[in-house]
Every structure is written in structure tokens, then in C-alpha cells.
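Since chain U is already given, all that's left is putting chain P on it; use the hints.
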Amino acid sequence: MTLSALVLAPFIGSLVAASLPTNARNREAWLAGAIALFGLATTLRLYVPGQTVYERIAWIPALGLEFTLRLDGLAWIFALLVQGIGVLVVLYARYYMSPADPVPRFFAFLLAFMGAMLGVVLSGNLIQMVVFWELTSITSFLLIAYWHHRADARRGARMAFTVTASGGLCLLAGVLMLGHIVGSYDLDAVLAARERIQSHALYLPALILIAIGCLSKSAQFPFHFWLPHAMAAPTPVSAYLHSATMVKAGVFLLMRLWPALSGSEAWTWSIAGAGTVTLLLGAFAAIFQRDMKGLLAYSTISHLGLITTLLGIGTPLAMVGALFHTLNHATFKASLFMAVGIIDHETGTRDMGVLRGLYRQMPYTATLAIVASSAMAGVPLLNGFLSKEMFFAETLLVGGDSNWWMSYAAMAVGVFGVVYSLRFITVFFGQAAAPFPRKPHEPPRWMRFPVELLVLICLVVGIAPGISIGPVLHQGVLAVLGPDTPHYKLAVWHGFNLPLLMSVLALILGAWLYQVLLRRFQLDRRERTPILYRLSGAQAYENAMLALSRAAAFWLHRLGSERLQAQILAMLLILVGTPLWLVGLPEGWRAPPPQAADPYFVMLWLAGGGCAVAAAWQAKYHRLAALALAGGTGIVTAITFLWLSAPDLALTQLMVETVTTILILLGLRWLPPRLTPKELQLTPPWHVWLRRSRDLLIAIGSGLGMALLCYAVLLRPLPEGIAAFFLEKAAPEGGGTNAVNVLLVDFRGFDTLGEITVLCIVALTVYALLRRFRPAPESIAIPAQQTSPLDAATRQTPAEQANSGYLLVAGIYMRLLLPFMGITAVYFFLRGHNLPGGGFVAGLIFAVALIVQYMLAGTHWVEARMHLRPHRWLGYGLMLACATGLGAWAFGYPFLTSHTAHLDLPVLGELHLPSAFFFDLGVFCTVVGSTMLILVALGHQSIRSHRMPERPDARQERS
Amino acid sequence: MEAVVAIAIGVLFGSGVWLILRPRTFQITIGLMLMSYAVNLFIFVMGRVWIDKAPLTLKPGIPAIGDYADPLSQALVLTAIVIGFATTALYLVIMIGARGLTGTDHVDGKEPKA
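Residue numbers (numbering that gives the first Met the number 0), protein chains in the order written: chain U, 0 to 958; chain P, 0 to 113.
Chain U on its own, in the form it takes in the complex:
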């Protein structure tokens, strides 16, 4: 097993968990637990004490990018923490989640989070670490918003995500700077370049950006406000992400980069400063919470502040204390969160104003929670006491003999910690004033087990730190400090000294302060934190978000337009303006043109250009005329292709022209009449004239620009391109003399495959859109021409018209024509590889042959006789084209390599059969399928019975 398996397993597990049925709580929990246990075992087995284990997977070797995983002491401790707490949280969540909750989503997100978190701690590359870092933000967002029907969950999730993900972006910028300074993003290179980093001019900005990332993730001032709102998440999530692991990612990164970044004045000021403010703020606010989870959230903020302060102090011993407290905090805080979850689960409330006397109903849970909160308060013989004492000792050290501010702050936090811990355990004593929403009793055996285990760890570490946590801690310390590792001893008893005095004093003062607050300030009835409620970070955040969206709306309104015409105008102006701006006007060209103009060609384009201008003019007044005129331009274009040596294009253009005209004719019926007919003689106002003049100028300008550009290019010699290659290789290697067709089905076969796929997608989109088509009410009725009583044909169906009515001759003629058109299609298809023709042209010809039958005899008649399934044509065509391409693989060649087989047939003689033939057959089928699908779907609209959209006034009349 390798390191990558460690990171990958949770992600794979996440996918599996997501696909299990909704009520599979047990299977989900077994899966997640097994993955976490597997991770634990692997982590323990892979680690070599005192050394760093690497795994590098080449990603883009040409760019020097690789996926690096790196397991040293620090990563090892955090990996154990993530997976160890993970196992317990999974077990707990199995009982916490209600059967009504969709558990696959929960466990899938939880496992994905575990994977992302392991990615952060194991990354050996800074950018890679940031990617995983942002992944933890995303999974945290998803988990907080797990109960997304609740507004507070959605709000909390958005807030947490905005803050931590923005912090992550700052971190990315900082890491990029760091990589720029060092010249590598490899963690080892960065850690080794301390002097270079700290003397560089970019050190300060990089430090600030990285600090913003870390502080926002670890809920440090001024970004701390998101954490209390994240408590809307299910309690297992709060225990796992928002106390034990994810919020520790910030302090983890500070520790990770400690060798490279710490020690400067800027480091101490920014990190220790933020930490000190946070620890005071959090501890103070925790006292005044009513929600038990809120209290724990603010307490978490405060403890994270403590760790941050220790890291900011920057001495090696402070670093030891920080790591130690990280572990201790994870154990007691996770157990406290779980205990709160149990209380919430059993009583239906977390309000400390209501909860009383729980000790009687749940003595076990109460005892456990009391022990854990004693650890939080720093009572001796528990793990919290040890690391808090280390903290006291460091704060005494940092100010020297004169500056005691840090020590006062530490003392205050110690006192506050005792107060809120006391407040926390009041729920177990006394007598409840009112009955709880549910009658509480002890939780299931295995729901309590994680709490028991964590509390046991608190006790063991608190009583015998040297032999329990000591060796583990030492690995992490060695990994960060290396040769600078100080001599330290984890022990309960260090003799009578100042830190001990501070601890004892904090306990006594805390108990006293709690009594004072309770008696004089009605602590149990307070709704908000005194003084601090004015500095609501959450409110500031909401205001900022509101201002941001208002500003966006304002600028959108000012700079944007919802009107299409304005948008097209802007695009055209840029289209015309940019080339002029970039290259200037084309320089003078060489006269005279190399080829004299053919007078017939000039006349042809007099007609073609005239058609285009007339179509532009008539599109408003007479749609049918405009369509016919545009078709005329199309025909002229087709003739031009033929004239200028492109027979394939001419054929294709001609057929496409035909089907496009039929297409638009089918659509014309559903368009409304013009709003202001010419007969009304309305004179448009002046601003309309102005707009039209402007548009005319733009049209003339862009036409002129296009003509000039085209002319300028045409008079320059053709640069030596790749055309010669295609011409040269077409016959010998492509097996065909029609270079255009060989290009399409062979040299650029992949391109063609893409294009026929687009064709399929468009055809299916058209089909799907038409299934939901609701025509305008006035166009539903049968058109006037078809209801005229004078015309005998109106009393006949289209089929009758074609079989016995006035279309009899044409009908027979067309039916006779069908096989001939079919043969024409086959002919063009077969000769395509060597002479003009091919799949595209043949497909269009065949489609036209079928459409002609529809046009004459009507949909019913044709479909009663012919089972044409355009979807299948599409599917088989694409499959054939792909299979031809894949066939090359079977012979060990790259995708779409073509091969020409030479067959000796008895009657026909020798036959060249290139594999491109089958590819072209696929193209043929796809073109037939998509053309038919589009046209038939549109044609069917006329025979469908459309429901009249009900007018609102009609509905009122009825009621």
C-alpha cells in the first residue's frame, strides 16, 4: 500500500457511499469506518520514525509537474488525527443520523472531506496542497448545508465557504509568491530556503497572504465569525470538521511552514497578534452563549487562538506546546461536541437556559462531559491542563521581566475558560423548570463509545503524558524543528512555579467570576454578549455581501443591456474595430489583379449580390420573398464554388440550399404577421431613422471592411502551407484521388467525427425543443389558403391530392423518381473517394429524395408506407464512424488510422476498399438521420393537435 492509496481510498469510498440506497445507514457506516481504519493502519505501517516517506507520481513530466505525497512526523500526526477522529465520528454518526436523513449524501461528503484533508496534510507540493485545501472548504460547505431545507444551514454554509475559500485564494497567491522566491513549489525546497525567503522583498506580502489563508481557515480574528454559524451542521460534522480537523488545517499549515516563515518580527506581530485577540474574544463570547454548540464554537475559536498565539511566539518550546494543544483540544472538544449531540438527540434542545438536571437521566454521559469540560478548563490530571501550562510558561517568557501583557491575557483566558466550562456543566445539575421536548435517557451503547474513548485519552494523557502521547508528539516536533528541537519534558509535576500558580489562580478566579456573573448579571438569562455584540463580524459580512451584489447590479445596469440588438451592435463594433486597431489599414496593394474578371462571373454576382441586398430589404416586409432571394444568393454561391474549382463544395451547397429552404418554409407558418403593415402609412419617428442610418453605416462599413480584407489577402501570394502535403499523399496514402474527400474522411477524420457529432446533437436538440413546442394561438388554426371553399383540393387530404387529386401526375412522377434519386445518392457516395461526392453530399441527396415524398403526399401517407427512424440512422451512423476509428486500435494503430484493402472479387474484379469507406458510410447515415429528424419533426408540428393556450379572461369568465 502506498501513500496515494491513503488519499485515494476516501474519494473512491465517497463515490461508493453516494451510490448506496438512502436508508443504508449500517452499510454506509461500515464502509466509511473501514476506509478510515484502513487509512489508520496504512499510516501506521508506512511511517518510518524520524524519516520522510515520499511518493511521486509524474503528471506532466514535460512541465516538471508531479503529484507529490510526503509523510513526515507532522503529517503523520495529523493523518492519524484525521483518521482516528474520523473512525469515531463515523461510529457516532451512525446513531446520530435519523433514519429520515439521506445518509448516502452525508457519508459521501464526509469521506470526500477525509480524503481532501489527508491530501492537505500529505501534500509535498504547495500548489497541490492549496487544491486540497480548497476541496476541504467545498466539502465543509456541503456538510454544513446538509440540512439544506433550513435557512440557517444555508446561510452558515455560504458564510463559511465565502470566508474560507476567499482565504484559500489569498493562500494560493501567497504560495505562488513563495514559489517565485524559492524557485520551486516543492515543500522540501521551500523549507530549506529560510534565509532566502526572509531576506526577499516579497516575504512580507507572501507572509500576509498565507497568514490570511491560515487565519481564515482556523477561524481567527477578524475571520472568526463564520465558525459559530457553521454550527448549523449536523453535530458529527461539527465535532469532526469544526473542532478536530478542518479548522486545524490553518494551524497545520502555520506549523508546516514554520521552519521557512517564522522567527521574523512580522510573523510574531501578525500571527501572535491575531491569536491573542482571538483567544480573548472567543473565550469572552463563549461565556454568554445560550446554545451549547455556540459555547463550544466560541471556545474552539479561543483554543485555536491559543495555538496560533503559541505559533506566533515562535520559540521552539512554543511550537511544542502548539502541537500538543492541537492534539489535546481535538480530543476533549470532539468528545464535548458528541456529548452535546447526545443531549440534543435525547432532549430535543441545546438551550442552556432550559436544560437542567440531566445528571439524573443520563449519569454516564454527564460524567463523561464533566470530565471533558474539566480538561477544557485546564483542571490538573487532564490533558488540557498540561498544554495550558505550557502556554502560560511561554507567555511569561515572551515579555521578559518588564512586559506582562501577554501573561495577563493568558491569565484572563484561563479564567474565562473556567467560567464557560462551569457554565457548560450546569445543564447536568439543578432542577429543570419545564419538561424537555423529549424525555431523555442514556444513548445507545455504541453512540457513547466514541465519547468514552476520547475522555479516556484525555485522562491517560493527562496522568501519564510522557509514556502515552510523548513519543508521538516527539515525531511531529522533530519533523518541524529538526536539529533545533529543544529539550522538553512532558510531566504532570514540574514543581512549584509561576505557571502552576497561574493555573491554580485561574481555577479559583474562574469559579468566583462564574458565581458573580450568575448572581449579579443573570448569566443564565442573557441573550447576547455584552460589548462584543456591537462588533458583529457576521453582520459586517452580510452587509459587505449585500453591497457587493448591489454594486454588481448597478454596474450591470449601467454597462450591460438585456436587449439583443445592443449586444450585437457592441460585438460588431469590436469585430470591425479590433483588426483596424491591431494592424491598421491594409497597406497599398499591387495592381493589377493577376486574373482578369470573367464578365459572366461579374453578371453572376450582380444577381447574387442583388439577391442578398433585396433579401435584406424584404426580410421585414415579405418573408417568402426574402427566403427565395436568400436562396438565390445560395445558388450563386454554389455556382461560385464550382467556378473556382471546388465541385464538392458546389454539390454540398446546392443540396444544403434545398433543405434549408424547405426547413424555413416549414417554419414560416408559425411566425406572426407584421405588426405595422405598410398600408397604415405610419411614419417612423426620427430616432428610428437615426438608428437605421447608424445600422446602415455599420453594415456598409463592415461589408467594405470585409471586402478590403479579402482583397488584400487575395493579392498576396499563397504562403507555403500544408496543402501540398495533402495533395501529394491523397492518392498513395489516403487511397483516393479526391483530395477534399480524403481530407475529410482520413487526414482530418477526427475533425469530421466531431462535426457529425455536433450535427447529431443539434438534430436531437431541435427534436427535443419541438416536442415541447407551443405555437402562438393565432397560428394554430388551419391557414386561410387551406380552407377556401372555392378550392376543391381543400376537401382532400394531402394523400388523396397526390393519389387521385390534382397532384396525381406529380405524385406518380415523384414516386417513380425515388429509386432514381436513391441511386444517384449511392452513385455520389461510391465515387466520393476519387471524384466529387462523398458521404455528406450523398446523405443530403438521399434526405431530399425522402423529403420530396413528404412534401407531395403528406406525412400520414409516407409514414404509413415507410418506417423511417431518423434516431436510429443517427445512432448507427455515429457508431459506424466510431467503430471504424476504433478498429485501427485492434491492429495497433492510432485512432482513425485508415487502411486500404485490395479485394479480388469474382465478377467485379479487383476492388479497392479503404476503411475510410466505412467511416464515410457513417457520415452518410448521420447526415441522412439528422436532416430527416429535423425536417420531419418540424413537419409533424402541422399535423399535431395543439392545445390552445387558455386566455386569462376566458378563465375568469368561466369561474
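Hints should not be assumed to be uniformly reliable.
Claimed, not checked - Straight-line alpha carbon distances no greater than 30 Å define the calculated DSSO-like cross-link-like pairs of lysine-lysine that follow:
(1) U:K728 x P:K52
(2) P:K58 x U:K728
(3) U:K619 x P:K112
(4) P:K109 x U:K619
Claimed, not checked - Which stretches of chain P does chain U cover? Using the computed rule of at least three CB atoms under 8 Å from a CB of chain U, they are:
(5) 29-39
(6) 84-90
Since the hints were made in silico from the structure, they are not lab data. For each residue, glycine too, the CB sits at the ideal point set by N, CA and C.
Okay, now just chain P, sitting in the frame of chain U:
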């Protein structure tokens, strides 16, 4: 020849531009058709103007540069023509669909304020 082709492309493009600046969906559709003719022709003649030199290498021997038209621009345009048909169909269906849903054929889905 070159001048004629260039002017033709310019006229088609200009007519198309005029139409796509109009407010009615049908005008836009016809405008896009005209523009696609212009653009297809433009791409096509980027391989220069050749007369009677279709890229069919029927003669034996290695083909010389001046003997045949550029097949690359032709191949590019050929698929573009077919795709052009498909996108025209898509415009058309969106056009009539929007007409049914909004009750107007104005491009913005509502009649402009007078």
C-alpha cells in the same frame, strides 16, 4: 476575379450585418444565413482563386503546387456548410418556440416600449 469575389463577399456580409441588427427574429435568421455564405466564401478563397484546378489528383506523378486548388480550405468549408444547415434549423426552432412562448417575434421576447 479577385475583386469580384471580394466585393461579393463584402455585399453578402454587409447585408447580413444589416439584418442581424434588426429587431425581428426572421430577419436575424436570414441575416445569419447571408453572413454564413460570406464567411464560407471568405474561408474558401483564403486558399486563393483557382479556375479549372479542382483538387482531384487524377494525373499520375507527384502533384505540383500550381496544378490544383487548395483542398484544405475546401474541406473546412464543406463541413461548415452542413453544420450551417443544422444551426439554421436550431435558430428556426428557437425562433418559432420563442414566438409561441412570448407571443412576439421580437428578439428580446417583448415588444419595445413605444
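So, going through the hints one by one against the coordinates:
| no. | hint | verdict |
| --- | --- | --- |
| 1 | U:K728 x P:K52 | holds, 17 Å |
| 2 | P:K58 x U:K728 | holds, 13 Å |
| 3 | U:K619 x P:K112 | holds, 19 Å |
| 4 | P:K109 x U:K619 | holds, 17 Å |
| 5 | 29-39 | holds (count 7) |
| 6 | 84-90 | holds (count 6) |
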